[in-house]
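Listed here are the chains, written in short residue letters.
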Amino acid sequence: MEKHLLSGNEAIARGAYEAGVKVCSAYPGTPSTEIFENLPQYKDALYCEWAPNEKVATEVAYGAAIGGARSLTAMKHVGLNVAADPLFTAAYNGVNSGFVIVTADDPSMHSSQNEQDNRRYARFAKVALIEPSDSQECIDFMKEAYRISERFDMPVIFRTTTNISHSKSLVTFSEREEAEPIPYTRNTRKFNCAPANAYRNHPKVEQNLKALEEYGCTCPINKLELRGGKLGVITAGIAYQYAKDVFPEDTSFLKLGLTNPLPMKLIRDFASKVEKLYVIEELEGLMEEQLKAAGIDCVGKELVSNLYELNPQRLREMLFGVKPETKALPVKPVSRPPTLCPGCPHRGFFYTMSKGKDFVIAGDIGCYTLGANPPLNALDTCICMGAGFSAGMGMSKAFDVTGQKKKVFGVVGDSTFFHSGMTGAAEILYNKGNIIPVVLDNHITGMTGHQDNPGSGYTLQGEMAAAIKIEDVLRAFGYQNVIIVDPQDLKAMQKAVDDALASEVPAAIIARRPCLLIKRIKHDIGQCVVDTDKCIGCRMCLKVGCPAVMVKGKKSSIDPTQCVGCTLCAQVCPVGAISRKESKA
Amino acid sequence: MSTKSAILVGVGGQGAILTAKVLVNGLMKAGCDVKMSEVHGMSQRGGSVSTQVHWGDKVYSPVIGPGAADLLVAFEKMEAVRYAQFLKPDGVAVINDYELPSATIAAGLEEYPAGCLEAMEANFRCLTLNAAQIAAELGNPKCMNIVLFGAMTKALHFGDIDWEDVIRETVPAKFLELNLAAFRAGRDAV
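Chains as they are written, first to last, in my numbering: chain A, 1 to 585; chain B, 1 to 190.
Hints are computed from structural coordinates only; laboratory data are not their basis.
Some clues are possibly wrong.
Estimated spans, in silico, between C-beta atoms of each pair [claimed, not checked]:
1. B/142 with A/2: 25 to 33 Å
2. B/160 with A/560: 38 to 46 Å
3. A/318 with B/142: 37 to 45 Å
4. A/471 with B/56: 51 to 59 Å
5. A/471 with B/110: 36 to 44 Å
From the three backbone atoms N, C-alpha and C, an ideal C-beta is built for every residue, glycine too.
When you get a sec, could you build the whole thing from the sequences and use the hints?
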């Protein structure tokens, strides 16, 4: 059979297609994003969309499952914090058609703010948990996830990690199994979570979990690999792959695909067949805690750290004390931290902010978090999606009541504004915040690799859509002074900030310029050059923090392969030594 | 065949991921089990990037830690130093003798470290070439990655693979002649 090399995320999209999924809704977030980017290729067979946030996406997908279509949502681990509310109630109500929530966790925080282990959500919400360990399992386990969801009447959490989602391995495809739509009939008793119904739903949840545990002892995705009787390993997900590389050939494995509820009878049987039992888990010791609580003797987190991503070499050292052999070099490399791209529209805003001595800038999640890096150093906080407005609001209240003289700006991007910035904007207006909300509108969800959003004018399936105007939303709320400015025009940007601070009525700023990486827009690309006769070597141009601007000898120099002619460096040059050529060579 | 591992490193935009794909296509044709992992995310923004490829009869982990790579392919010489800890002591390094300053180096705040190549050559078996110059001489600086790929195929025995055939199947037709020339020039350079 023909083999394909697919990432875990591509394989999950394929698995959803093969499982007969019909409605899909998600919000992008690394490392989950490519799942939905790979769904439009199946749009003849299914509907897929980007929702404004993970809570909305989960509710849309769950609603579709109630309505009779197999449905999918996907998010990064912290996205499930946003979507936790519908998850917990969907767990009590149960489903009609199958409903799967993919959470892509990010051990080692390659691009995340924490390394929370979302397997705990399955235990907490009392739903099934499925963990694939490679791309083929991403396809096969998706199909099993829908069977479990429908048979045991519950949402299923399908959990990957970065090294599952972003690594590629060989798979074979199967035909799509068309799931029969389940006709919808009103069932208030089941789907209305009124207290009296919830009261009666809880015991059903417990019964379903018991039945699922029984099923887990024989189900096809929990696999015994019996070898010798000396060493035994219980493991799941990516940790299985690491353990297979590390333990001796004659080690027996119980590899679990369904990890909540744990199949305790199967585990007890396995434990009785080996002399020494290890539980190998990345991050938290979730299975181990349950084994130990059940009195099953095992070794796990005493040896295997709950910090960061594992790999075979790290695991071998922790388990058996074998250090990898490496050679130390006498040369130290210089780090290459990510920076705002040349021509990034955010740069002009942060450069303007960097000049305000008493400015406090509450930031948010997105490319613009990079405004915190030197030489801009123009961001105070970054907490979670939407907190740029609301945490900034809290800081401004603290400054008011403690008499600290600060000027507070709350900063979110356009996608973040629709995600959860709007509620913060309402809070600021309603409770008379002494803070200027700023939306950095680059027309795209940038950091996750360019996904459309309610302001961009396009849908995930590539259709034109109504583009919601941020200024209309803010004005409708009651911001009477909405200042729209091109952040690349530094004089205008400074004036916008001054005007907003001086405004007698509630003011907000929209710094608007599209991201230069948007392909469907024709950008005005030029080229800046330094007149070295005029350059006095003052290094002012370096303060905008552009990777294309550098110093050669004592004079400034602009890398023509990187420069796009945004002219920020030219605008800050005190002697007019930098000019723009109109077309790029 | 026991599992072998290669790690390809460079700076965003240098074409390390495409090169890894050519390698993987060849290994797949040869019937190997293959796994590949890419570092996504912020590489577009000037960061250092790495891609790992693992192959053999049966591959388990898609990633390795320190001291486990048979082959390191560095598209930039400071990146060779950064990832040298991943090489086995008897591993091979293919190094592009090419320098890309980081943002802090470009801004004059730090200096490009001296002696990158010398340190690598003193510690590992190295195949060094100036792939940027070879690519420029072929008329297109962008084929630097395939020049490096050509050199790489001489660093390890990958099995019986017709790499020119793989390149024919992987690259767009209008760049085929250029890429074949780049591949051959890379092979001849080391």
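Here is what the structure says about each hint:
1. Between residue 142 of chain B and residue 2 of chain A the beta carbon distance is about 31 Å. The supplied range of 25 to 33 Å therefore holds.
2. Taking the beta carbon of each, residue 160 of chain B and residue 560 of chain A are about 45 Å apart, inside 38 to 46 Å as hinted.
3. In this structure the supplied range 37 to 45 Å holds for residue 318 of chain A paired with residue 142 of chain B, their Cβ-Cβ distance being about 43 Å.
4. Between residue 471 of chain A and residue 56 of chain B the beta carbon distance is about 58 Å. The supplied range of 51 to 59 Å therefore holds.
5. A C-beta distance of roughly 43 Å is found between residue 471 of chain A and residue 110 of chain B, which places it inside the suggested range of 36 to 44 Å.
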